[in-house]
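Based on the provided sequences and hints, a complete structural model is requested.
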Amino acid sequence: MSGCSTPTTFRVLDAETGNPIEGAVALATWSMGSGWPPGLSYGYTAKAIEAVSDRDGYFTIPGVTGKIAFNTPFLQVYKPGYVGWNSRRIYLGYYDADIKLARTKRRENFVMKDQDIFLEPWKNDGRYNYNSHGSFIGQPSGFEEGFEEGENYESKYWKAKRYETPFSVAERDQWDKEGRRKNRKWHKDWRMEEK
Numbered sequence: 001m002s003g004c005s006t007p008t009t010f011r012v013l014d015a016e017t018g019n020p021i022e023g024a025v026a027l028a029t030w031s032m033g034s035g036w037p038p039g040l041s042y043g044y045t046a047k048a049i050e051a052v053s054d055r056d057g058y059f060t061i062p063g064v065t066g067k068i069a070f071n072t073p074f075l076q077v078y079k080p081g082y083v084g085w086n087s088r089r090i091y092l093g094y095y096d097a098d099i100k101l102a103r104t105k106r107r108e109n110f111v112m113k114d115q116d117i118f119l120e121p122w123k124n125d126g127r128y129n130y131n132s133h134g135s136f137i138g139q140p141s142g143f144e145e146g147f148e149e150g151e152n153y154e155s156k157y158w159k160a161k162r163y164e165t166p167f168s169v170a171e172r173d174q175w176d177k178e179g180r181r182k183n184r185k186w187h188k189d190w191r192m193e194e195k
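Residue numbers (the numbering used here): 1 to 195.
Hints are computed from structural coordinates only; laboratory data are not their basis.
Incorrect hints may appear among the rest.
Claimed, not checked - The calculated label-pair distances, taken between Cβ atoms and stated as ranges, are:
no., residue 1, residue 2, range
1, Lys67, Lys113, 19 to 25 Å
2, Thr9, Pro80, 20 to 26 Å
3, Ala69, Asn19, 32 to 38 Å
All values reported here derive from a predicted model rather than from experimental measurement.
Note that CB positions come from ideal geometry on N, CA and C, so glycine has one too.
Listed below in structure tokens is the structure:
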């Protein structure tokens, strides 16, 4: 995988129509680790950068310098009305036994280079739900530490994903009302399964 010492331009397109998507918010986060002292290693978000796609669907993540320039950032792209996209996983939906558990698969061979990103339009056909999608589009733990001082609470990505909150709450209420939460068990391979 490549790092990110030079600017990278992406174009966000509707996966069904191929039309550019304006206003998609991108969040790039670079993680670093500390292995000193031995036994007390930890990871943290060293840098976070946001960008918004223009009317032609383009956004640019500027290059970075220092140690993080050798690392490929975790890139997330979100626009209300579409399924979120990220550079590590592909959202497939949810498990019937737990609406909060996202079904995903690994995204292969992502590199930081100029490329198109295709967002799938959100479908209300039962394939997706806002609870599992909310966990999929969530920011990395401690991402706010990577912003320059004062920027984290103004995060465009955080504000955009809040669009789904009322839908997520309604789904959870319906789930509880139907009593489905009580009729589940953990499967030995860590997936939820209906009784």
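Right, here's what the structure says about each hint:
For the hinted restraint 19 to 25 Å between Lys67 and Lys113, the CB-CB distance of approximately 21 Å keeps it satisfied. Restraint check, Thr9 to Pro80: a C-beta distance of roughly 23 Å satisfies the suggested window 20 to 26 Å. Under the hint 32 to 38 Å, the C-beta atoms of Ala69 and Asn19, about 34 Å apart, fit the expected range.
Checked against the numbered hints listed earlier, the structure breaks none of them; every hint is satisfied.
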